[in-house]
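Peer 1: Residue numbers (numbering that gives the first Met the number 0), protein chains in the order written: chain A, 0 to 247; chain B, 0 to 289; chain C, 0 to 666.
There could be a bad hint or two in this list.
[As the list claims (entries may be wrong)] Quick list of in silico lysine to aspartate or glutamate cross-link-like pairs, EDC-like style, CA-CA up to 20 Å:
| hint | chain 1 | residue 1 | chain 2 | residue 2 |
| --- | --- | --- | --- | --- |
| 1 | C | K180 | A | D197 |
| 2 | B | K86 | A | E209 |
| 3 | B | K88 | A | E209 |
| 4 | A | K45 | C | D567 |
| 5 | A | K10 | C | E213 |
| 6 | C | K411 | A | D70 |
| 7 | B | K7 | A | D197 |
In short, the hints are calculated from the structure, not lab data.
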Amino acid sequence: MKLTLKIWRQKGPEEKGKIVTYPIDNIDGDMSFLEMMDVLNVELVKKGESPVAFDHDCREGICGSCSMYIDGEAHGPDRGVTTCQLHMRKFKDGDTIYIEPWRAKAFPIIKDLVVDRSSFDRIMNAGGYISVNTSGNTIDANATPIPKEDADKAFEAATCIGCGACVASCKNASAMLFVSAKVSQLALLPQGQVEAKDRVLKMVEAMDEEGFGNCTNTGACEVECPKGISLENIARMNREYLKAMVKK
Amino acid sequence: MSKSALLKSSLAKKYWMALTGLFLCTFLVGHLLGNLQLAFDAGEDGRKAFNEYAYFMAHNPMIKILSYLTYISILFHTIDGILLTIKNKKSRPIGYAKNNANANSSSSSRNMALLGSLILIFIVTHMANFWYKAKISSESFPLHIIKIDVKDQMGQSQNIDLYHTKTSPIPKTDDIVVKNKTELYDKMANVKIAEGYKDLHSLVFAFFGQDKSKYGFPKNEQALFYTLFYVLSMCVLCFHLWHGFASAFQTVGVNHSSYNTIIKSTGKLFAILIPLGFAIIPLMIFLNQI
Amino acid sequence: MPILNSKIPEGSIDKKWSNHKSKIRLVNPANKRLIDVIVVGSGLAGGAASASLAELGYNVKTFCFQDSPRRAHSIAAQGGINAAKNYQGDGDSVYRLFYDTIKGGDYRSREANVHRLAEVSANIIDQCVAQGVPFAREYGGLLDNRSFGGVLVSRTFYAKGQTGQQLLLGAYSAMSRQIGKGKIKMYSRHEMLDLVIVDGKARGIIARNLVTGEIQKHSAHAVVLGSGGYGNVFFLSTNAMGSNVTAAWKTHIKGAFFSNPCFTQIHPTCIPVSGDHQSKLTLMSESLRNDGRIWVPKNMEDVLAIREGKLKPTEISAENRDYYLERRYPSFGNLVPRDVASRAAKERCDAGYGVNKTGEAVYLDFASAIERYGKEKAQVLNIDNPSEEEILSLGRKVIETKYGNLFQMYYKIVDDDPYYTPMQIYPAVHYTMGGLWVDYNLMSTIPGCFVAGEANFSDHGANRLGASALMQGLADGYFVLPYTIGDYLADDIRTGPISTDLPEFEKTANEVSENISKLMNIKGSKPVDYFHKRLGKVMWNNVGMARNAEGLNAAIDEIKIIREEFYDDVRIPGDANELNPELEKALRVADLIDLGQLMAIDALNRSESCGGHFREESQTEEGEALRDDENFTYVSAWEYTGDPSKPNHHKEDLVYENIKLVQRSYK
């Protein structure tokens, strides 16, 4: 397969970036998108050019490191996958592919396609936890039965990998899917309900401070989320916040 | 926290958008039901009924409260929308070179601000043409005149103009003067003898191209333009509601697999039926004159 | 020469840990505020240790090379976590978990450590549930369990195929809480490049800020390594691309002994290699073996027809299939331990029965499970005389609820629908049992340097059982280290802050900088990956699933050459003072090369077969691994001498007081 890549290159956070065009050949359909990037980088290194920097780690769709806006979509045109699981068979010989970093004020670019997502961590630090100490001296795990339906819903929300595709694809660069996934997970479990009100207020406040935009319910995040996190979670967060605001 | 959160937090802003939006939806229903009578040219009876309805709407205290709520809602919805849009634009200072947004969202959902602005332009025009003329403008506003033919003793037919009032029609003579736009006074005694009706019906009909000069409303020469403008604006409203209706429910936290289909289909039905109803009015009036 | 003292407490095995806990010294809360601890790595071990130590009151600095602590590779663990809860009432107990782990590890682990692990396992589940980890539940609302390879009870707790993710996010949330409180200072995108030793004690690290390239000096009263395993020495493994041995290796160079480096776990159920471009391998959870049956065709002509695409696996009748695990191990069948399953697959493929183009793949077939579940479901739903198609579709739904995400992952990677055609799998490097030597307190041979999780060697012997890695990482981090580190730190309450201006910091930082500029200035012609791939090939062929003296000697020589060429011809573009992934890789690969050599040396030394270490010279007539307890019931601990090819060999003899050593049998 022969392709034309149009990749955002930016040397550093303060530098000006631009789209640079790279032709690439001998791409196999069984390659993952990142393996295709590896091929490009090996060529660039051989030519003495600087390779394209991009975040990646586990390459099996769970760590949430990879973050490319491919052909106008977060993680590319396939559904339910991260960039590392996107395979080149989804493209055709001769295609031109745009590769850009996540774009959001709260995700400043570090280099090329690498962005700083520490804003997500700061939101979690504000309240994305249950305040239980780690001594293990808690009640027995089976002391509180949890309805399977709630446990399953909590699990589904908890599968968020924090990759930031929701922010990247939202026209408002809103982080509500991410925040609501954590709020929902903990609100659905009895253990998390004790501090549910405080949690949602603090996390939303932190989210606002980071400069994320607002949700206008376009639903783009849900479609592009590699883990299929549901918009239902945002509605739940809206409810939780309303409850917290009224009762606080 | 709650006080500032009520206004400042991103979520609170969303609630306001949703609640004012949903309130405006109820307004749309009321506004349409009342005005739909204009779509059917029921002659004098229709004119009478409409002007009486309009009088009722203008004078009922409950309706008054609702109308103020509507104005506030429009204002809030607009200001909040602008604030949110500014914040949202700031959240992504540099856009994508290639963005395939159609793959993940509907264009109406992405263009609520644009659609809203167009609707705002429409509302301003609409109010300038009707509300301003009828309520604010200092010029005296033509009252509902009933024209009847009476045969005089000579058997000659004679046109007589009567004021349609809440009580019984009063002949339009030089003895009667109009004060405060609708109050009919006996000129000599300077006593209010009746309350007239503004002829809003003829205003509307003339605006959309029918000749009502006999009631003081000459035919609007730009009726074709306005009719098209109204129809197009209703298309815009349709797109705004297409996303906005269900979106408001999501924002206030109503999202449950058992109701979602109902909410979404109701929203879509609403988005089609309400603007369609509104669009029929100018269209029918305009077409009837041809 | 230091003598290895494992410091195993006195007393009977089930009392050792509780006695030890009540006897070791504690640091009072006011003094904990005066003590700094560095934790390297934010996975289950590092993350849990960071959270717990901060919770206790220590000032913690945590380092990870990823952009967020939540991305550590523990996140990729799929199947589950063991705990001796006996919720299923199927005869599980602390002793049985202890016994299974020792036996699974082929009698090469330390009894006391393993028993402690089994003891605290139940607490882990309590702890995680309290943190909001959404484990799978039954309809009654209680926790569900599944069964895993090498054991006869259901003791594995799980969250679909994302157990590692859920547990890691639990630890991450505990960390987040402490970061929010200011008790943990988090250094993301920072990589430890050396350990600083002051007066014989670990007192800090040198780290590189991966964004700016800045070389930083960080001091503490103790250093905890939770830096994971070294499977990436094979280039292709299920490890994350960034997983590396540098922190552990530099610590080894500074004096910590490296134990059993040759003990590598080859996981039987991975997606086979598809081509030369492959950058990593993807694991399919071992839990799939609960329902999947592994087979290859019985007849060579069928194999050839399949490879040519003339025959589909579904067209081969049952009698023409060789369910070789069920054939060889009737009692455990498809649920034999990982090392056994892996070698059996290799045996079939070496015999020519591999079912893909490369000849290195076997089938993992769910057809019988789909049919079985379908029939059960039809009965539950009261469907009379269900059609074949109805049964299969019901069965597929059951399979989907159990393994949906794994099936989807397979489908996305291979583009072949495993609901309709058997998966292809092949063994791949997955976990490394070896690691830095630690005593019972998890302290390495360097005072003040503790090692937890996969980075240490202690609990899994020569082979790790499924769902035990998560258990060990969390046990070390949450429940062991926070106690044992106090015993060491009790001496440091009057030390005061450690200054980074000490000459030792200066010297080590300079060494790191020099090493970086040395690499940057080679300016050769080949990218780092070229060397990494070559190293990986040597390791896989000679130090992989089956090893022999000849191959190991060849590997040692070959690695020497790779090493020389690497330092002669590697090309690292860009600058050291910027985000430079190629430089990061080069630093990691340089250490992996040296480690690879040590692995071969260790494998050569251990001329017995045990667990994941299979020496062809030492096997039974049936081709099963043959242990040599008389000569090898010890832990190898290698001391760095300055020449990576000539390490000093130390031994810690393993004493089995509670379990009788027998030849493992899963037949």
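Peer 1: Which of the numbered hints are not met once you compare them with the structure shown?
Peer 2: As far as the earlier hints go, not one is violated by this structure.
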